[in-house]
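Whenever a hint applies, use it, and build me the whole structure from the sequences.
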Amino acid sequence: MSNSGVNSPLAEPPDGPDAHGAAAQTLARGQRRRARGRRGDDGSREQSMVPRAEFRSYYGRPVLKPPVWEWKVPAYLFTGGLSAGSAVLAAGADLTSRPALRRAGRISSLLTLLVSAYFLIADLGRPERFHHMLRVAKPTSPMSVGTWILTLYAPGVGIAALSELLPAKARRTIPGRLLDRLARPAALASAALAPAVASYTAVLLSQTAAPAWHEAHPQLPFIFTGSAAASAGGLAMVLTPVDEAGPARMFACYGGVSELVASKLMEQQLGLSSEAYTTGRAHQLRKWSQRLTTAGLIGATLAGRRSRAIAGASGLALLAGSALQRFGVFEAGVASTKDPKYVVVPQRQRLDRSS
Amino acid sequence: MIGDHSLSGPLDDVAADAGHLAPPPRVGFFTDTSVCIGCKACEVACKEWNLVPEDGLNLLGMSFDNTGMLGANSWRHVAFIEQQVPLGNQDTGLAGLPTGPSGIEQMTDAISSTLRHAERGGGELGTTPLHVDSEPQSLGMPSFDRPGARTGAEDRTDFRWLMASDVCKHCTHAGCLDVCPTGALLRTEFGTVVVQQDICNGCGYCVSGCPYGVIDRRPHDGRAQKCTLCYDRLRDGLEPACAKACPTDSIQFGPLEELRAHAAQRVEQLHELGVTEARLYGHDPNDGVGGNGAFFLLLDEPEVYGLPPDPVVPTRDLPAMWKYAGIAASAFLAAAVAAFAGGGH
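Residue numbers (the numbering used here), protein chains in the order written: chain A, 1 to 355; chain B, 1001 to 1345.
Calculated directly from the structure, the hints in this document are not laboratory data.
Heads up, a few of these hints could be off.
Below are the SDA-like pairs computed for lysine to any residue, each with C-alpha atoms no more than 20 Å apart in a straight line [as the list claims (entries may be wrong)]:
(1) Lys138(A) with Ala1015(B)
(2) Lys1323(B) with Gln269(A)
(3) Lys72(A) with Arg1218(B)
(4) Lys138(A) with Leu1238(B)
(5) Lys138(A) with Ala1018(B)
(6) Lys138(A) with Ser1006(B)
(7) Lys264(A) with Val242(A)
(8) Lys72(A) with His1220(B)
(9) Lys287(A) with Leu272(A)
(10) Lys1047(B) with Lys1323(B)
In structure tokens form, the structure reads like this:
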């Protein structure tokens, strides 16, 4: 596991092999906190009172509640972003006469949106009450804001995709012709909302007490919109012939680069919370995400225009990289609620600085 | 609608800010832990009155605290802390004598390292740290001898007990309330924060929104649960069950203004008695959550009791968060436009 020294498993007796290190930590701590002066310093107590850790806690129990959200939430983050990116690509393809890209984008944005809706509802404690989300519009709740963004976004995506899926016979009927006529404005409306769909999820995670999510609020939106663009571009590269997929490749490249750069900046700029991203399961997931995204970027740039096979493989790599990024970020936030150090140490430092 | 301090900072009248017309004075708890005897009558009274289900009949193996933390099925939680420090001017008669090492630190280490492997990192009520596959280890307690039967220096230890009854803080700026997407969480006319059970759909956002780790989703029920400050009793002019049951008046209920004035006096009194470590927690309207409706007198740093030392409501940074999201969203759209304008090369 990824325990830092702070919670190292108890193995050695007080005078065991590690006593030296422990004593050094104790000393450092004692110096930092000597102002308190309540601790006995008669030699008899040197092994006790001061915990080995450099912060104090209630038996090491978490201060925060770990999220009750399961894998469905990061899965939604991925599919929601993918839907938004695909909607944007479909609208652009429609306006620049790229029928294959348009068709792939419209259909995939609807399918991924439907999967998103499933994840969102299934993760509720009372799924049958999902419509309670619609009884208020609450600007302080990113989930409420997101609900309304999705509510406005969905109809356009649905109409655009239906017009693609309509059989030729039905297209000639009056409702069919109406649907055809409506498809472009509907798709443009949903494309206009797509950036909000792709970015609000970052605020959703950041407006929590989980230190790794909250403190990353300047970087997370760029990671998430980047991941959305990379995945949507990747999916279009898989589904569309190379001569029409040019904008998808460019969009994917923007997304992948944005995701990688923002992710690196986040690791550097976060304080203690960066440890939640760079250790444990979150680290494994994000390491693979970075590898796959990098590979996808290289493939798309070098050979995406020439070879359908390479373009498809690069697209799949980008999709996988984007998904792993979401799961990695999710895991990091969860980890930062389980270990009290992520809560106590920065808050204690803040208090010590201000006093 | 959104005033200067609607998201964070001091707020004179929370109920009025939430839209109540001519609300009664804001009420709350002042929990004076210096007189807590750890009887847990508050936990029991709360469970009985509010019909809170059992939270796991486990021995947590760390102290007399077998509840562990607040959660969906535990709205009051009495923490027990053993420390090798005297209380105030107290003389245990051991000051000049050699004493043996205590098991306190060892126990904390053993518990915290095994908790990491438990479900939800030990964040599930009734999580015992002892079912991990490892050799049993002696923590030096309890002893099988009669007290005082052994008299050697190595058997003498000097310690004090801290006991504190924790509860939902009913924050001025409540993270749970801010993020609730259904309006299930609401600010009552008394300034308290309550979950409406017929509305909550169990989205779980409040669980992550609380900077104190108070509210949680009840397993098999699916809805979020926490202290209501006995909303039903308040409406009938009664004090909450825990305060009613507390035999030492460690839990005091009343209008918040009065409680704050009383608490300030109590701290002063304790300082005069030599208990210089007494301090208030959650009383300050200028703190990160705009002050708590339920605040505490503590005898050590908050983190020792499992409380965050300087909590901040996540909503405080909401404008900044949307600003960054807006920039990222614009960049996303610009990239799409550029991708098509570039002709796809």
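Evaluated hints:
no.	hint	result
1	Lys138(A) with Ala1015(B)	17 Å, holds
2	Lys1323(B) with Gln269(A)	18 Å, holds
3	Lys72(A) with Arg1218(B)	19 Å, holds
4	Lys138(A) with Leu1238(B)	33 Å, violated
5	Lys138(A) with Ala1018(B)	13 Å, holds
6	Lys138(A) with Ser1006(B)	13 Å, holds
7	Lys264(A) with Val242(A)	31 Å, violated
8	Lys72(A) with His1220(B)	18 Å, holds
9	Lys287(A) with Leu272(A)	19 Å, holds
10	Lys1047(B) with Lys1323(B)	44 Å, violated
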